[in-house]
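Q: Residue strings, one per chain:
There are 2 protein chains.
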Amino acid sequence: MSQWLRGLLPPLEWLRGYNRNALASDTLAAVIVTIMLIPQSLAYALLAGLPAEMGLYASILPLLAYAIFGSSRTLSVGPVAVVSLMTATAVGKVAATGSLGYASAAIAMALLSGAMLIGMGLLRFGYLANLLSHPVVSGFITASGIIIALSQLRHILGIQAHGETLPTLISTLWMQLWAFNGVTLITGTAALIFLFWVRSGLAPLLCRVGFSASAAGMLAKAGPVLVIIVTTLASIALDYQTLGVALVGTVPRGLPAFSIPTMDFALWSELAVSALLISVIGFVESVSVGKTLAAKRRQRVDANQELVALGAANVASAVSGGFPVTGGFSRSVVNFDAGAQTQLASVLTAGGIAGAALLLTPVLYFLPKATLAATIIVAVTSLIDFSLIKLAWRYSRTDFIAVMVTILSTLFFGVELGVLCGILASISLHLHKTSQPHIAIVGEVPGTEHFRNINRHDVITYPSIVSLRIDESLYFANAGYMESAIYAVIAERDERLKHIILQCTAVNAIDLSALEALEAVTQRLKEQGIMLHLSEVKGPVMDALERTDFLEHLSGQVFLSQHQACEALKPVTES
Amino acid sequence: MSQWLRGLLPPLEWLRGYNRNALASDTLAAVIVTIMLIPQSLAYALLAGLPAEMGLYASILPLLAYAIFGSSRTLSVGPVAVVSLMTATAVGKVAATGSLGYASAAIAMALLSGAMLIGMGLLRFGYLANLLSHPVVSGFITASGIIIALSQLRHILGIQAHGETLPTLISTLWMQLWAFNGVTLITGTAALIFLFWVRSGLAPLLCRVGFSASAAGMLAKAGPVLVIIVTTLASIALDYQTLGVALVGTVPRGLPAFSIPTMDFALWSELAVSALLISVIGFVESVSVGKTLAAKRRQRVDANQELVALGAANVASAVSGGFPVTGGFSRSVVNFDAGAQTQLASVLTAGGIAGAALLLTPVLYFLPKATLAATIIVAVTSLIDFSLIKLAWRYSRTDFIAVMVTILSTLFFGVELGVLCGILASISLHLHKTSQPHIAIVGEVPGTEHFRNINRHDVITYPSIVSLRIDESLYFANAGYMESAIYAVIAERDERLKHIILQCTAVNAIDLSALEALEAVTQRLKEQGIMLHLSEVKGPVMDALERTDFLEHLSGQVFLSQHQACEALKPVTES
Numbered sequence: 001m002s003q004w005l006r007g008l009l010p011p012l013e014w015l016r017g018y019n020r021n022a023l024a025s026d027t028l029a030a031v032i033v034t035i036m037l038i039p040q041s042l043a044y045a046l047l048a049g050l051p052a053e054m055g056l057y058a059s060i061l062p063l064l065a066y067a068i069f070g071s072s073r074t075l076s077v078g079p080v081a082v083v084s085l086m087t088a089t090a091v092g093k094v095a096a097t098g099s100l101g102y103a104s105a106a107i108a109m110a111l112l113s114g115a116m117l118i119g120m121g122l123l124r125f126g127y128l129a130n131l132l133s134h135p136v137v138s139g140f141i142t143a144s145g146i147i148i149a150l151s152q153l154r155h156i157l158g159i160q161a162h163g164e165t166l167p168t169l170i171s172t173l174w175m176q177l178w179a180f181n182g183v184t185l186i187t188g189t190a191a192l193i194f195l196f197w198v199r200s201g202l203a204p205l206l207c208r209v210g211f212s213a214s215a216a217g218m219l220a221k222a223g224p225v226l227v228i229i230v231t232t233l234a235s236i237a238l239d240y241q242t243l244g245v246a247l248v249g250t251v252p253r254g255l256p257a258f259s260i261p262t263m264d265f266a267l268w269s270e271l272a273v274s275a276l277l278i279s280v281i282g283f284v285e286s287v288s289v290g291k292t293l294a295a296k297r298r299q300r301v302d303a304n305q306e307l308v309a310l311g312a313a314n315v316a317s318a319v320s321g322g323f324p325v326t327g328g329f330s331r332s333v334v335n336f337d338a339g340a341q342t343q344l345a346s347v348l349t350a351g352g353i354a355g356a357a358l359l360l361t362p363v364l365y366f367l368p369k370a371t372l373a374a375t376i377i378v379a380v381t382s383l384i385d386f387s388l389i390k391l392a393w394r395y396s397r398t399d400f401i402a403v404m405v406t407i408l409s410t411l412f413f414g415v416e417l418g419v420l421c422g423i424l425a426s427i428s429l430h431l432h433k434t435s436q437p438h439i440a441i442v443g444e445v446p447g448t449e450h451f452r453n454i455n456r457h458d459v460i461t462y463p464s465i466v467s468l469r470i471d472e473s474l475y476f477a478n479a480g481y482m483e484s485a486i487y488a489v490i491a492e493r494d495e496r497l498k499h500i501i502l503q504c505t506a507v508n509a510i511d512l513s514a515l516e517a518l519e520a521v522t523q524r525l526k527e528q529g530i531m532l533h534l535s536e537v538k539g540p541v542m543d544a545l546e547r548t549d550f551l552e553h554l555s556g557q558v559f560l561s562q563h564q565a566c567e568a569l570k571p572v573t574e575s
Numbered sequence: 001m002s003q004w005l006r007g008l009l010p011p012l013e014w015l016r017g018y019n020r021n022a023l024a025s026d027t028l029a030a031v032i033v034t035i036m037l038i039p040q041s042l043a044y045a046l047l048a049g050l051p052a053e054m055g056l057y058a059s060i061l062p063l064l065a066y067a068i069f070g071s072s073r074t075l076s077v078g079p080v081a082v083v084s085l086m087t088a089t090a091v092g093k094v095a096a097t098g099s100l101g102y103a104s105a106a107i108a109m110a111l112l113s114g115a116m117l118i119g120m121g122l123l124r125f126g127y128l129a130n131l132l133s134h135p136v137v138s139g140f141i142t143a144s145g146i147i148i149a150l151s152q153l154r155h156i157l158g159i160q161a162h163g164e165t166l167p168t169l170i171s172t173l174w175m176q177l178w179a180f181n182g183v184t185l186i187t188g189t190a191a192l193i194f195l196f197w198v199r200s201g202l203a204p205l206l207c208r209v210g211f212s213a214s215a216a217g218m219l220a221k222a223g224p225v226l227v228i229i230v231t232t233l234a235s236i237a238l239d240y241q242t243l244g245v246a247l248v249g250t251v252p253r254g255l256p257a258f259s260i261p262t263m264d265f266a267l268w269s270e271l272a273v274s275a276l277l278i279s280v281i282g283f284v285e286s287v288s289v290g291k292t293l294a295a296k297r298r299q300r301v302d303a304n305q306e307l308v309a310l311g312a313a314n315v316a317s318a319v320s321g322g323f324p325v326t327g328g329f330s331r332s333v334v335n336f337d338a339g340a341q342t343q344l345a346s347v348l349t350a351g352g353i354a355g356a357a358l359l360l361t362p363v364l365y366f367l368p369k370a371t372l373a374a375t376i377i378v379a380v381t382s383l384i385d386f387s388l389i390k391l392a393w394r395y396s397r398t399d400f401i402a403v404m405v406t407i408l409s410t411l412f413f414g415v416e417l418g419v420l421c422g423i424l425a426s427i428s429l430h431l432h433k434t435s436q437p438h439i440a441i442v443g444e445v446p447g448t449e450h451f452r453n454i455n456r457h458d459v460i461t462y463p464s465i466v467s468l469r470i471d472e473s474l475y476f477a478n479a480g481y482m483e484s485a486i487y488a489v490i491a492e493r494d495e496r497l498k499h500i501i502l503q504c505t506a507v508n509a510i511d512l513s514a515l516e517a518l519e520a521v522t523q524r525l526k527e528q529g530i531m532l533h534l535s536e537v538k539g540p541v542m543d544a545l546e547r548t549d550f551l552e553h554l555s556g557q558v559f560l561s562q563h564q565a566c567e568a569l570k571p572v573t574e575s
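One line per chain: the protein sequences are A and B, in this order.
Every letter in the first sequence is one number past the one before it in the UniProt record's numbering, and letter 306, counting from 1, is 306.
Every letter in the second sequence is one number past the one before it in the UniProt record's numbering, and letter 411, counting from 1, is 411.
Don't read these hints as lab results, they were simulated from the structure.
Each residue gets a CB set at the ideal place from its N, CA and C atoms; glycine is no exception.
The reader is advised that the hints may include incorrect statements.
From the structure, some residues in chain A lie toward chain B, with a derived Cβ separation under 7 Å [claimed, not checked]: (1) 472; (2) 477; (3) 506.
For reference, chain A alone in the conformation it holds in the complex (with noise of 0.2 Å):
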């Protein structure tokens, strides 16, 4: 079997070493992450503004095609928060909530970020997670987690309120504070304050009663079925839908059919840009998850494999009657906490929510959408996390300054628009700083060979030699300062100066701008009889230099090291 097969189906290689043990660890895997998944599943899909059995759909197939192509073997995919809440904003657009083009749009949504997805897997686009700092990733989610919490506020009120922005939110929730339903409320609160209790409480109390640890941990995350199970059977015993509270409602039994998706290009078109933000986001916080369970037990993640999976599984549930997926963080933990060994445990994960959109259904009728935004509000505030702003504020400005971009804009302008302000900011903010390097005039430290800082040390220096350290590769960017930078100089000294050594130990490329200003710099410092040298330029530079005529522009030499620059052009008389 090539290797080149069984990079692309990885089940090819775990298959091979698969025994009981294994299936034992994924069963019991598969049943815990099921329960954890039905009320997540229904969760996330009320959080897109769509239908409940969506969730179940788009946590069946996609489970089987990440599984097929997938190279993590414990990551567990399917809706997730944020990446729900963006299909909520994108689709929003184009379509009314609850219309049939509205659930229509998703699947659209689900095809194209798919299709987008596996185009970029296959072109070995993987690199460019790299894009999004984690500055940007870390205040994007945070500020999803407010936005996504206070957009569940209205199912624990049970009034109307819409908006996909803090001042929105605020504003509408505020307006129709004081329409709340009684019983929705009670009912909301209730859930939220036992399902905080469940992450912090329950387990220490199950250990006390005898559990052990891992024991006790897994049966917390039983907590929001439980939860469900109970306000399900509030709402049959106290009839809440004559009480005024909003029901989950008729849930189609049975399993999604499969569809082609319609071959809509003006959708499609219109849905293009917000999809590749789907797509974006979505990788980067599943292969991050995906990293980090891999490094646990010393297995790799391959970032071009996990796009054509993740393409695949958005594929599957579009075709399914699903909405767009990737691999969650909670999940995902839960999935590798409770011992899956492969991703035979999604599979039969898979087979699970198949089995509960076939039987559970029915019952699904009664469950208060309120119980659902409390999962939701519960599993996002683990989302929130300010340290990352006090950490930055500490260790550099421009990391500090990319975060609250970040959180700012996409707490007032949206999801959309704050990841893509958070890219542009960091990007930027890199560019600025390394538009300005930091440029030492250095000197011989007496005795030695090496140059220090003439501010910092007291080094030997010479009236007729400037020798400065860049410490920065050159490029279009900077190469206008660092011309700027050397004529400052030059205009600080008198007319005894004669030469100006570029120590170039940190410039690790020079491009062609950079080249042309140096071109600049030559020419101008011949007309002042001033020569200029490089010293210590390294391989690659010399290299790409060699290929040009700058060398013999150049009035001055190339030495190989600062020392031996300064020997050779020190005066006779000073020596």
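Given chain A, put chain B in place with the hints provided.
A: Frame of chain A; chain B shown alone:
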């Protein structure tokens, strides 16, 4: 007088030493530039799709405004080829050519662009010009030159043909080729041949008959005026109008009326993106001319002051019925070569153009458009320069891709998308290049304290130590690559490996994303019993690291030099 005021109003500086000699030089330059500017102004108005008089209007007040605020003493502002083409493209999207709305949209564009430039100047955004790399600017100007020359062929042929991209221009020219007007074609071709000859053959001829080289060069600048006079006389004598030759037609006599452009916010928002592009391109073109000329006389040009001055020039153009202007290359060089000492030359030039608007407009009626088209074609052929492609091909693949993307996207998608694609390509390529930094495994050169690449040099290494030199600052785009590279190195070693030392000579910064990656590396190596050390960390990087708890988590130490690190960590038995 405060330094601040002299920075804001550069005339306060140069007026102090003003004398009769300077006045004589400035007057001569003004005469020559005026003669050159009259046909150019009319031609660029034609290129922008505007009535000829708007070209004159754009060459009066803007020159005065720049003279007051500009930091270059010899820059000459007014309509220029590339900006006129960009204006035609942008305004053509919101109004039909020749309509009243078209002219007022062009005026609004000047106002908007002026406001943006002033705003950017006050915010000190001058460094943003650096984002346009040399390959992008050069490729963009070459491609624009091709498009401009092709677009003017229709006036030489006397046909109707439109288009703003290479394919549309060629196809419309081809389809109507045989509808050419014979008299127009003869006039235009004769003008073209004469102008090309003037550029190359006239000056040497004048030298041979006894003129000094500089006088011959000056006289050759009058070539376009001569062509205008001759073809206008031919047009009157042979009654071109009845022969179907397109003439400039009625040009209102007199000076422009001041008016405040209408406050049409809907129009402004439609033009905003184009106005930003025009502003940036105009600024970059102007400031590069200004810097080149200033350098020749050891003067300085301040980028932020230039933004304000060009903004003022554009606002002045808008209130006097003109269109977007910037500092032009050819006119500024002529001004400089003619001996202009200060901006008073431009003030006098403005007077000259105003005189032309008062006196010459009646005769312009008979001027064939083919003559103006010929002056444009001859002017822009000097912009077309393919030598950079060859240089970039030899020098670096990155620069080659950037220049080709810019040229091809400008030719095939038009000027606006062209410049955007160019900027995006050069930034993406830079990020891509730095996202995969060169990482060398190094060892000590025997008998020295120097460390070199083990693949290139015979060096001392130990099985328990791997020294890695990372030749790039660590930031979000390469954090993941660095992490993977370290893991790949470990995977190749056996269990004797105990220490990884990162030599940070070329690491000028570590951003938060890279810090997170380093923490992940530390953690993972610790689990495998390997310690991570740093050496030769630069001062500012160390300062930032000390503001976090990274150094507390670091399993190893931070050494001042790679040599000290190896001395401290090498096994005693092996030493």
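Q: Regarding the hint that residue 472 of chain A lies at the interface with chain B, is the smallest CB-CB distance below 7 Å?
A: 6 Å, holds
Q: Mind checking the CB of residue 477 of chain A against every CB in chain B and telling me if the closest is under 7 Å?
A: Interface hint status for residue 477 of chain A: holds (5 Å vs cutoff 7 Å).
Q: Minimum Cβ distance from residue 506 of chain A to chain B below 7 Å?
A: At about 5 Å, which falls below the 7 Å cut-off, the nearest Cβ of chain B leaves the hint on residue 506 of chain A intact, so it holds.
Checked against the numbered hints above, the structure violates none of them.
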